[in-house]
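Build the full structure now, drawing on both the sequences and the hints.
Protein chains in written order, with this note's numbering: chain X, 11 to 354; chain B, 11 to 354; chain W, 11 to 354; chain V, 11 to 354.
It should be emphasised that the hints constitute simulated quantities derived from the structure, not laboratory data. Any given hint could turn out to be false.
Cross-link-like lysine-lysine pairs, in silico, DSS-like; alpha carbons within 30 Å at most [what the hints assert, rightly or not]:
1) W/Lys311 to B/Lys311
2) B/Lys348 to X/Lys64
3) B/Lys311 to W/Lys263
4) W/Lys263 to V/Lys50
5) B/Lys50 to X/Lys348
6) W/Lys103 to W/Lys196
7) X/Lys263 to B/Lys50
8) B/Lys263 to X/Lys50
9) V/Lys196 to B/Lys196
10) W/Lys196 to V/Lys348
11) W/Lys64 to V/Lys348
12) B/Lys348 to X/Lys196
13) X/Lys103 to B/Lys348
Number of protein chains: 4
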Amino acid sequence: MIKVGIVGGTGYTGVELLRILALHLEVEVSVVTSRADTGKSVDDVYPNLRGLYKLAFTAPTIESLLGCDLVFFATPNGIAMTMTEALLDKGIKVIDLSADFRLQDIAIWEQWYGMTHACPDLVSTAIYGLVEMNRQAIRNASLIACAGCYPTAVQLGLVPLIEAGLMDTSAIIADVKSGLSGAGRKAALPTLMSETGESFKAYAVDGHRHLPEIEQGLATVNQGEALSLTFVPQLVPMIRGIHATLYTQTNAKLTDIQTLYEEHYVNDVFVNVLEQQTAPDTRNVRGSNHCQIGLFKPQGKDTLVILSVIDNLVKGAAGQAVQAMNICYGFEETLGLKTVALYP
Amino acid sequence: MIKVGIVGGTGYTGVELLRILALHLEVEVSVVTSRADTGKSVDDVYPNLRGLYKLAFTAPTIESLLGCDLVFFATPNGIAMTMTEALLDKGIKVIDLSADFRLQDIAIWEQWYGMTHACPDLVSTAIYGLVEMNRQAIRNASLIACAGCYPTAVQLGLVPLIEAGLMDTSAIIADVKSGLSGAGRKAALPTLMSETGESFKAYAVDGHRHLPEIEQGLATVNQGEALSLTFVPQLVPMIRGIHATLYTQTNAKLTDIQTLYEEHYVNDVFVNVLEQQTAPDTRNVRGSNHCQIGLFKPQGKDTLVILSVIDNLVKGAAGQAVQAMNICYGFEETLGLKTVALYP
Amino acid sequence: MIKVGIVGGTGYTGVELLRILALHLEVEVSVVTSRADTGKSVDDVYPNLRGLYKLAFTAPTIESLLGCDLVFFATPNGIAMTMTEALLDKGIKVIDLSADFRLQDIAIWEQWYGMTHACPDLVSTAIYGLVEMNRQAIRNASLIACAGCYPTAVQLGLVPLIEAGLMDTSAIIADVKSGLSGAGRKAALPTLMSETGESFKAYAVDGHRHLPEIEQGLATVNQGEALSLTFVPQLVPMIRGIHATLYTQTNAKLTDIQTLYEEHYVNDVFVNVLEQQTAPDTRNVRGSNHCQIGLFKPQGKDTLVILSVIDNLVKGAAGQAVQAMNICYGFEETLGLKTVALYP
Amino acid sequence: MIKVGIVGGTGYTGVELLRILALHLEVEVSVVTSRADTGKSVDDVYPNLRGLYKLAFTAPTIESLLGCDLVFFATPNGIAMTMTEALLDKGIKVIDLSADFRLQDIAIWEQWYGMTHACPDLVSTAIYGLVEMNRQAIRNASLIACAGCYPTAVQLGLVPLIEAGLMDTSAIIADVKSGLSGAGRKAALPTLMSETGESFKAYAVDGHRHLPEIEQGLATVNQGEALSLTFVPQLVPMIRGIHATLYTQTNAKLTDIQTLYEEHYVNDVFVNVLEQQTAPDTRNVRGSNHCQIGLFKPQGKDTLVILSVIDNLVKGAAGQAVQAMNICYGFEETLGLKTVALYP
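And the structure:
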């Protein structure tokens, strides 16, 4: 039984951590911080957690976290980088769900996130938290940088083929759709029901912060070589779910690609490669930590279509973080993560 | 570990049973029947269950169910009544999620359901499966008739006050709203997304089959006396959730009513009486077996407003059935039912 | 051809006025104000209006409005009352879509709206803008106070019966459901898609500002006598539409009530009394200025169920305002308001 | 004033024709057929049309249509081809909204639609009804084949660039998303709210009937040469709207492409080329006959991203048909089509 703290308990990834950890047999959540809700009890703020926590939100201070074995940051970008060093110094592990430690190139990070990085030296010690790309390194990590939601879906869809050197890496297309919870739990006009319901649109077409993260991750499996990828994020009028539709050119046969993916993920319980030519549906992973992948080569052309779906708040955030924690502490990888997707 | 069968595994209550029982520690699902999907593997039909079942759907025959300790019927009305006797004769318990054994008055049942009842004698032996109204009787039951989804929300909201004799029973209003999954998993025009999305409407205003069931249940706690209730069901453009808005006249004080409800449900872990004047939200019980209740007396008038919410497929169907099974077999009441509601 | 100004052009009722007036043959919109969007062109802010306006938003000043014949206020409460007198003094008519002039009792207004009224003397000169209750007075009005969205649906549903003296006025129930656009176009947490999608809840159960307006309006047709009404507003996960489910006790026959309603509204082109026992659906008035009403007496009890639906932004706001303007200027009542509801 | 008939008045494109034509000043709808609803009055079946039609549905016979100047077919595929010749012989014009006359290559049509064509000789006389591609030919047409909904959005997005010979035509990607109304008004499991709400998925990835139509149309502007296009249709949990996200390789500058598109569509009132790097939103064309297009070259790469949105039932079906009719009869092109998109 380890004691964990959650910094930033009033965002969607924070409450999702609370949901998952409520039933985790090896974890006791001993601190949850929130500037906005300091003093309020957790289950007053979140009636879905009623009866599961006897805990009130506290102000986010280093002192209050010192009794923890592990601290999750479910904060906006720019917070974790100011607190992580002090925690690591005390031997407390840190799993950051924000973007503070995702990009190894500090200049690129500062350009995309518009801030000066507070602890650039720590960045190179951070382990990227996407278990399926990095299981071994996560076992011994002290500081884990969870992947972004879009990068999770895109990378899980592309890694096997890139690693196998079977595709053209000069003009990859990632047409990706997300539910609205990805925009976070904050007052904002563009994410109102009245603004997003019954409509579909692209945004940040000229550049989204997750692009350099995807490029960095895919380069690592491309023998360090950069790739050229066009990433178009789009908003679906639903709450949870990411659907990545990936297009790449390859002359490999679909059956061989299918076999490649099945073998690549044979030991990854949370990645399901569906039968050849089967389209996944975001609802089938809603609330679960799974990624489901479907592969197609329409009309036998060289264009391969890879469909990859996740729940952005689970596999794309809190579930991924708990999965990394399980690996890191030697718990069973699926502990706390067996929730079945809600259908319908 | 008991062996259970599910008859009617391709409707929404059937797949919800499969979702809940997949992680139930004392249950092995050994048979799932489906006329439509005979021969197909469960997780091909339901990709959200991938990896959880190594089972194919079979045709619904008595023979195939004889190895079970317990059989759930998640069938359309009129099926369970033709198979139950044969199962009971073999010592197999039956929990029926359909309406076949809900109404004690056979004439009323036949009038509302438009069929001749196949086994009227069995009806009087059936135990109504709403645990909070009937926990004691369920312990020794062989045949359990689960409550309808609307009756579950309405009765949980009204029972304490009626039992206490504190309200006028001559003109109760039950204005109840349901998500679309209540209409079932079958091809139909009126429940298409294009017909129901972005719209709200009442239906069956002149009479819904759940009315006599509510009247029967409430009469039992009203010392056997009939009440007069107007029940208007309405469709909300969402998938899961029932919100009952109940209106009744009483001159009791709100604080006393609040205390009455809290005490009435003090041992019912799945019923949460919210703080006085707090409105429940269907999302806070989505995917969970809880009922949440809020109480109001607007402007200090004699009109009491009771808000009662459930997930129609869980507490209103499959979760209720599993809860009754747990009681019936002496398992912990919450076994398999600890899933936390998905928010957001 | 009259010149109109719109103060508050960046809220949902403002843009709805722009949508309706774009095709109105007797109106030229010459000024649209917006603090937030001053200087931006109307069709940049609202791409659905592209090509229909060559107009930019301006700051809201009296001076800029002096060239208008008529000014609509589509502002938050508390703005119109500070500008109306100056406009009326110049002979400019005012139609206020906010609540500033709706309540005749200033003390009640100040209590519910939490402000001191800026021009109490003007209030008694304001004409309530619900044409079906007030057509004659509107013809000569200079200052029109449009009805709130909930009061429009509730009053159109109840007025004929109350006026006829046929119902018990001691315990009326108005269970009313609204889409999210009623909450307005402003950054806010509770109306995000992630907070409201796939869920249903009541709010302001203890008291909503539209209650005194409904009570005032219904008293006027009840020979000046107060009634007792319980009003519970609820949020439906959709954008547009209000569905009022009204319950009252009466021993009049349903066929007589049906005839009463049909005759009452025989000359009101925007109110459709549906065939007896037909439930209206909010989608059938989406985008249109119609109210559709259905009448039921379930099980022949004394409880009458009246269902009344409108589009909250059209008949409940901007459409009603244009209808009042048409009456006031002697235009055909339906001018600019012939848009057919969008189905599906 | 011309007399028109609508064959197939109970599908979504049929009722959309009825909505549009209700206010068309030069058209009288004199016949509407429906097998399913024969004898019922139009506004009983469609309460949104209440008061606009004094017409009942009739059985679809040639005889009943002989008094018409023009007949629209809003039928499933395979119906129009059996009735068109008889109508043309009587001098009656035909506008077909189904796919019967869209493909010039009969063999390809028969392969994709799985039927033998009933009147192959007529196909070559049919004029493709997408006005922006074919305005001149439509003026004198007797038989018009309206474009499919997907082909409308995709072709309007690609035609200017292909015609200018500025793009690589060897690997075009059309990632296209549609609301559910595109699936039609018929009882079906996959399009239920419970099956499609809160979820996103691709379908027909291996081949959709609209692919050969797109290929045929684009080849005509590519100097008759075939192109290679991968088309992936996807379902968005909303009712109306198509969003095509188109990817192609070009080394032309974005500003030049922007100018090209603006000039290409300068006389097409229903196509709006948005400011450079502006993403369109399907809601801004909901209920209107417009197509809105946005152009991007992310990160200055050679990948051009073209976003093209329409309302599938208006510009993608009934609106397009009425626009073609207007051209064909010399009416003003926008007659009956001035409806402004509903926002929010």
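Violated hints - listed by number, lowest first: none
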